[in-house]
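Visitor: Chains A and B supply the protein sequences, listed in that same order. Whatever position you read off the first sequence (first residue = 1), add 6 for my numbering. Whatever position you read off the second sequence (first residue = 1), add 2 for my numbering.
Hints listed in this document are in silico derivations from the structure and should not be mistaken for laboratory results. One should not assume that every hint holds.
[Said to hold, decoys possible] Dumping the calculated EDC-like pairs for lysine to aspartate or glutamate here, alpha-carbon to alpha-carbon at most 20 Å:
1. Lys33/B / Glu41/A
2. Lys392/A / Asp49/B
3. Lys334/A / Asp75/B
4. Lys334/A / Glu78/B
5. Lys33/B / Asp43/B
6. Lys20/B / Asp423/A
7. Lys25/A / Asp11/A
8. Lys44/B / Glu359/A
9. Lys454/A / Asp284/A
10. Lys426/A / Asp34/B
11. Lys70/A / Asp11/A
12. Lys20/B / Glu355/A
13. Lys334/A / Asp89/B
14. Lys393/A / Glu54/B
15. Lys33/B / Asp253/A
16. Lys351/A / Glu29/B
17. Lys20/B / Glu360/A
18. Lys351/A / Asp43/B
19. Lys242/A / Glu68/B
20. Lys426/A / Asp272/A
21. Lys426/A / Glu78/B
22. Lys471/A / Glu260/A
23. Lys351/A / Asp75/B
24. Lys88/B / Asp331/A
25. Lys44/B / Glu30/A
26. Lys351/A / Asp89/B
27. Lys20/B / Asp11/A
28. Lys28/B / Glu309/A
29. Lys393/A / Asp272/A
30. Lys392/A / Glu54/B
31. Lys426/A / Glu309/A
32. Lys392/A / Glu29/B
33. Lys20/B / Glu340/A
34. Lys426/A / Asp43/B
35. Lys44/B / Asp331/A
36. Lys20/B / Glu341/A
37. Lys334/A / Glu26/B
38. Lys393/A / Glu47/B
39. Lys44/B / Glu340/A
Quantities reported herein were computed from a predicted structural model and do not represent experimental measurements.
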Amino acid sequence: MHIADMTAVSLAAAIREGKTTAVEAAEAMLARIAEKDKELNCYVTVDKEGALRKAAEVQEKIEKGELTGPLAGVPVAIKDNLCTEGLLTTCASRILHNFVPTYTAEAVRNLQKAGAVILGKTNMDEFAMGSTTETSAYGVTRNPHNTEHVPGGSSGGSAAAVAAGECFYALGSDTGGSIRQPASYCGVVGMKPTYGTVSRYGLIAYGSSLDQIGPLTKDVRDCATVLEVIASHDDKDSTSLVREDTDFTKALVEDVKGMRIGIPNDYLGEGLDAEVKDAILQAAKVLEAQGAVVERFDLSLVEYAIPAYYTIAAAEASSNLERFDGIKYGYRTEEYAGLHNMYKKSRSEGFGEEVKRRIMLGSFVLSSGYYDAYYLKALRVKALIKKAFDEAFAKYDMILGPVAPTTAPRLGESLADPIKMYLGDIYTIAINLAGLPGISVPCGQDSKGLPIGMQLIGDCFQEKKLIRAAYTYEQYEKK
Amino acid sequence: MANIISDETIEYVGILAKLELSEEEKEQAKKDMGRMLDYIDKLGELDTTGVEPMSHVFPVQNVFREDVVTNGDTREQLLSNAPQEKDGMFMVPRTF
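Take these sequences, add in the hints, and give me the full structure.
Guide: Here it is, written out as structure tokens:
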């Protein structure tokens, strides 16, 4: 087996056993990146020197027995909206083209403490606003399964890098599906944990009440292992939760006997591609054959999630992105007349189209006279959506459905019609509104050879159930 | 399109958003925002009387911590990100 084909956990084991080294692993990844990334463009920044230096350091600590964790020595890719001290962090935006953070995001620090070797920063939709990685200011990322297609987004660079073997695992962020959807399009595992499980400190904010960091990995074991390392309570994030049950690898058990799984009828209706539907139902049958109890039910309110989401996310984005003003960091326009003109010109030249569209919408729904009718209304609908999920989880251990209505679209097909693009988020978005955990697991390919992902959605704090079911499914498919 | 966005509204939102749009961008923004609002108006179908707006899913409130400095002096690194700096301070255009 080529080293690049190993999972993160098996690589770490091989390093511990002296069969390979962290340095060899980093070198193999850098070689893979040099070979493939010109075409795929998964990375905005590759930190070759930093990675090799860190790999040597980590290798020494492993040999001395100072680092013994399940990810020690394994090279990782980090989405470019997570701050990394001393390493360019652009959010795939022109406005942060030269921003070098002075601190590291807590989730990344947790990985570093566990002996991770950072290879670089991955491409994404600008400020995580998009579903295709085409709104990046640094060029599109291509899907490794078919380079004429998008990798999904917004964590498209992370998903594509894992799929192409340009890293062993990656971190992404998920505001409305931005981990799960690209994972589905690229045929890898991606998980968004319960809101508050992973600290958002150092994650450049888009929609703060919805954003969560999570892993993109080659299999379910890696996913549980990475999540276990990055989950932590953090005083620096006031929405961070205290959880005692973050030993997620304990849930890597092949057993779904008696598990109650609900499939929302609303998730199988109009707009869902027939091949995707067949693959999802086939996966459900596998779980049923393993002893799960699978039923159909009506979730309700599904069509209200997207308008509620875009109202709330745009509102929060307009507020969060006020900080980019051309003074403390980032891009400043060349010519201007006075302070306010400098703000306006720097922002207008620094932000891309989709970002400006959302800032405008967000500013409008928060403006005096419209705040109640739009923003507060959306927050009330969010409460109703949460209630609909509460009712579902009174009956079921988890919800099963597709991640996205189709497989990866062709490059250039999505951006022309924003609303159509937003509709592609229909199965992922409500989960963020309700703060729930969700995982995307590969479950086949369509006739064009593009991957299909199954989504499992759990009640708050029920990641372990999702991991157990996903692991059981994955082990069955391997046999 | 049910929501017609006027020139005045786009001007006003541009001020709030601190964005300067070209004439072409303004026309596009009027169309985009109108379409989005038409779509968002769907929420009006739901009766939300008596439903409290939910800003966060978990009732975590008043999270305090001691105000202790944990990072070192990073002034130089911070200033090195600034487009313009002078004498250890951020430089801004004249404000009056």
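Visitor: The structure should be examined with respect to each hint, and the outcome stated for every one.
Guide: Now the hints, each set against the structure:
{"no.": "1", "hint": "Lys33/B / Glu41/A", "verdict": "44 Å, violated"}
{"no.": "2", "hint": "Lys392/A / Asp49/B", "verdict": "15 Å, holds"}
{"no.": "3", "hint": "Lys334/A / Asp75/B", "verdict": "16 Å, holds"}
{"no.": "4", "hint": "Lys334/A / Glu78/B", "verdict": "12 Å, holds"}
{"no.": "5", "hint": "Lys33/B / Asp43/B", "verdict": "15 Å, holds"}
{"no.": "6", "hint": "Lys20/B / Asp423/A", "verdict": "25 Å, violated"}
{"no.": "7", "hint": "Lys25/A / Asp11/A", "verdict": "15 Å, holds"}
{"no.": "8", "hint": "Lys44/B / Glu359/A", "verdict": "25 Å, violated"}
{"no.": "9", "hint": "Lys454/A / Asp284/A", "verdict": "15 Å, holds"}
{"no.": "10", "hint": "Lys426/A / Asp34/B", "verdict": "12 Å, holds"}
{"no.": "11", "hint": "Lys70/A / Asp11/A", "verdict": "27 Å, violated"}
{"no.": "12", "hint": "Lys20/B / Glu355/A", "verdict": "12 Å, holds"}
{"no.": "13", "hint": "Lys334/A / Asp89/B", "verdict": "15 Å, holds"}
{"no.": "14", "hint": "Lys393/A / Glu54/B", "verdict": "12 Å, holds"}
{"no.": "15", "hint": "Lys33/B / Asp253/A", "verdict": "49 Å, violated"}
{"no.": "16", "hint": "Lys351/A / Glu29/B", "verdict": "18 Å, holds"}
{"no.": "17", "hint": "Lys20/B / Glu360/A", "verdict": "16 Å, holds"}
{"no.": "18", "hint": "Lys351/A / Asp43/B", "verdict": "32 Å, violated"}
{"no.": "19", "hint": "Lys242/A / Glu68/B", "verdict": "11 Å, holds"}
{"no.": "20", "hint": "Lys426/A / Asp272/A", "verdict": "18 Å, holds"}
{"no.": "21", "hint": "Lys426/A / Glu78/B", "verdict": "46 Å, violated"}
{"no.": "22", "hint": "Lys471/A / Glu260/A", "verdict": "11 Å, holds"}
{"no.": "23", "hint": "Lys351/A / Asp75/B", "verdict": "32 Å, violated"}
{"no.": "24", "hint": "Lys88/B / Asp331/A", "verdict": "18 Å, holds"}
{"no.": "25", "hint": "Lys44/B / Glu30/A", "verdict": "55 Å, violated"}
{"no.": "26", "hint": "Lys351/A / Asp89/B", "verdict": "26 Å, violated"}
{"no.": "27", "hint": "Lys20/B / Asp11/A", "verdict": "48 Å, violated"}
{"no.": "28", "hint": "Lys28/B / Glu309/A", "verdict": "29 Å, violated"}
{"no.": "29", "hint": "Lys393/A / Asp272/A", "verdict": "16 Å, holds"}
{"no.": "30", "hint": "Lys392/A / Glu54/B", "verdict": "12 Å, holds"}
{"no.": "31", "hint": "Lys426/A / Glu309/A", "verdict": "13 Å, holds"}
{"no.": "32", "hint": "Lys392/A / Glu29/B", "verdict": "37 Å, violated"}
{"no.": "33", "hint": "Lys20/B / Glu340/A", "verdict": "17 Å, holds"}
{"no.": "34", "hint": "Lys426/A / Asp43/B", "verdict": "16 Å, holds"}
{"no.": "35", "hint": "Lys44/B / Asp331/A", "verdict": "34 Å, violated"}
{"no.": "36", "hint": "Lys20/B / Glu341/A", "verdict": "16 Å, holds"}
{"no.": "37", "hint": "Lys334/A / Glu26/B", "verdict": "30 Å, violated"}
{"no.": "38", "hint": "Lys393/A / Glu47/B", "verdict": "17 Å, holds"}
{"no.": "39", "hint": "Lys44/B / Glu340/A", "verdict": "43 Å, violated"}
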